[in-house]
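Visitor: Here's the letter readout for the chains.
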Amino acid sequence: MNVKISFRDVVKTYPLKDDTFTALDHVSLDIADREFVTVVGPSGCGKSTLMSMAAGLVEPTSGEVLVDGSPVDGPGPDRGVIFQQYALFPWLTVRKNVEFGLKLMDLPAEERRRRAQRAIELVGLADFADALPKMLSGGMKQRCAIARAYAVDPQVLLMDEPFGALDALTRVQLQDQLLDTWSKDQRTVMFITHDVDEAVYLASRVIVMAARPGRLHKVVDVDLPYPRTEEMRLSPEFGRIRNEVWHAVYHQAPAVPAA
Amino acid sequence: MTQLTALGKSPAQPARRAPSRSRRAVALNLVAVVIGLVVWTALATVGVQGLPGPLEVAAKAGELIADGTLLTDALASLRRVLVGFLLGTLLAVPVGFLMGWYATARGLLEPYVQFFRTIPPLAIIPLAIVLMGIGEVPKVFVIFLAAFLSSVVSTFQGVVDVDRTLINAARVLGASDRTIFLKVVVPASTPFILVGMRVGLGSAWGTLVAAELIAAQEGLGFRMQQAQLYYDLSTIFVGLIAIGVLGLLMDRLLLLAERRLTNWQERR
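First to last, the sequence lines map onto chains A and B.
So the first sequence is numbered by UniProt numbering: it starts at 1 and just counts up by one.
So the second sequence is numbered by UniProt numbering: it starts at 1 and just counts up by one.
No lab work stands behind these hints: they were computed from the structure.
Careful: at least some of the hints might be erroneous.
[As the list claims (entries may be wrong)] Computed, partial: chain B to chain A, Cβ under 10 Å:
#1 Thr41
#2 Leu43
#3 Thr45
#4 Gly47
#5 Leu51
#6 Pro54
#7 Phe116
#8 Leu166
#9 Asn168
#10 Ala169
#11 Ala170
#12 Val172
#13 Ala188
#14 Arg259
[To be verified] Derived DEER-like restraints, expressed as beta-carbon distance ranges:
#15 B:Val186 - A:Asp106: 53 to 63 Å
#16 B:Val38 - A:Gly138: 52 to 62 Å
#17 B:Phe115 - A:Gly124: 51 to 61 Å
[As the list claims (entries may be wrong)] List time: in silico DSS-like cross-link candidates among lysine-lysine, alpha-carbon distance up to 25 Å:
#18 B:Lys60 - A:Lys134
#19 A:Lys218 - A:Lys184
#20 B:Lys60 - A:Lys103
#21 B:Lys60 - A:Lys96
#22 A:Lys134 - A:Lys96
The C-beta atom is built at its ideal place from N, Cα and C for all residues, glycine as well.
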């Protein structure tokens, strides 16, 4: 397989008063090109930190993070990031938000306009293109954030609990839309969540992490075909995988305290 | 600030209040003014020593307007306040940004800002007179200082409070530090800057009268002080009302600008 993102023996520690806190303890993980991977685990397991390293927002204390074989050196438009808190610029309209990244690419105005419009239509916000974020619901805000990420056409999508703050119905809709888009353009997706159902439904591989110290716990392959459907959610096979992941997340043996 | 929250948190639809509601509020405001005038007249008639009634004050105002004194005084006062306020804000915004953005600048400047903030600008007047004489300079300087100190702190606070995720969102889209500063930090802290400007204008205006006690030849404060020597309470009242009305007008103008510029904010 063609490795897209590679975490190699990554350690992240934060200094405490008279100790160090280990957020990530020797994590190694390869994510294949065009793979959809979800990372699930209890809070404090370092799943968001892991994603932030791929995004270039956090540096590992030791070890390295490679994207396309070269070490990550800060953020870049080749890796789109979607945050749980939407992080839209509240003073810009939907269109201007989506164009933000395109403006940084020095595209001609017409091309910029066209790509923004395409991204806005893709997430179904065409009727709200000129609205300010304050007029949008949570789901629409997250759609706008997704359009902003898609617009610059990144090869990798890094999503940090993007649907965590949404109601169940909206969440399912956005999950299906995300899969739909992914099946067409086949970006590499690293999707952080604390929702086991979501993790299994979306991914071809679920990475389960454990906390204190944050580390890889288990990798569960999801051998369900795409496109994923509503019926699949109710299938025995889905239930089996879901239970396996659930068990791995919620019945973790306590970590052996470091000597 | 209080009016801002009161208006912003109106229980009605945040976007547009029903016209009947605001008409009702205006009517109540007018009633309050009428009641105030009645009470004032009553106090003057009952005979509080030397207190002029509204009509007397109005007559005096007419007189002062007719001979041009009020206009000259008001313009002189406005000029001082506006010059001091503009200089103060013009300096406060970049200094506030420097302090918020660069830890070094903050470390170097914060002791001075925090220290001078605790000194009422009026307390600087004796020093200003000794160092700068009795011309326009010390008056404008004191007003400048009042406006600067109020604005600088809120600008600085605005920059410090910019949501980290917004900065990260810009960084992952490929924004440089320069772009982040201009396209994220500046707009995100605009509401703070505007609030700081309103507070700054308030303290500038509040410092005016005292500043005009420094051997001024014209100005509302000067006129009132002259009137005090001649026991001319009507003129003092005219001066007070003029100061109040002008202050209110300027505050409303800034509030309007603030609404315009920060319309994007979510008001809950």
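Visitor: Now, for every hint given, state plainly whether the structure supports it.
Guide: Results of checking the hints against the structure:
1. Thr41: violated (48 Å)
2. Leu43: Not OK, violated: Leu43 of chain B not within 10 Å of chain A, min 48 Å.
3. Thr45: Nearest chain A Cβ about 54 Å off; hint violated.
4. Gly47: Nearest chain A Cβ about 57 Å off; hint violated.
5. Leu51: violated (51 Å)
6. Pro54: Violated, about 45 Å.
7. Phe116: violated (32 Å)
8. Leu166: Because about 6 Å separates Leu166 of chain B from the closest Cβ in chain A, which is inside the 10 Å limit, the hint holds.
9. Asn168: holds (6 Å)
10. Ala169: At about 4 Å, which falls below the 10 Å cut-off, the nearest Cβ of chain A leaves the hint on Ala169 of chain B intact, so it holds.
11. Ala170: holds (7 Å)
12. Val172: holds (4 Å)
13. Ala188: With Cβ-Cβ at 8 Å, under 10 Å, it holds.
14. Arg259: Since chain A brings no Cβ nearer than about 14 Å to Arg259 of chain B, farther than 10 Å, the hint is violated.
15. B:Val186 - A:Asp106: 53 to 63 Å: violated (21 Å)
16. B:Val38 - A:Gly138: 52 to 62 Å: Cβ of Val38 of chain B to Cβ of Gly138 of chain A: about 53 Å, so the range 52 to 62 Å holds.
17. B:Phe115 - A:Gly124: 51 to 61 Å: Between Phe115 of chain B and Gly124 of chain A, where Cβ atoms are some 56 Å apart, the hint holds.
18. B:Lys60 - A:Lys134: Judged against 25 Å, a Cα distance of about 51 Å means the pair is violated.
19. A:Lys218 - A:Lys184: Not OK: Lys218 of chain A and Lys184 of chain A at ~29 Å, beyond 25 Å, violated.
20. B:Lys60 - A:Lys103: Not satisfied, since the Cα-Cα distance of roughly 62 Å exceeds 25 Å.
21. B:Lys60 - A:Lys96: Violated, at roughly 56 Å.
22. A:Lys134 - A:Lys96: holds (14 Å)
Of the numbered hints given earlier, the model fails hints 1, 2, 3, 4, 5, 6, 7, 14, 15, 18, 19, 20, 21; all others are met.
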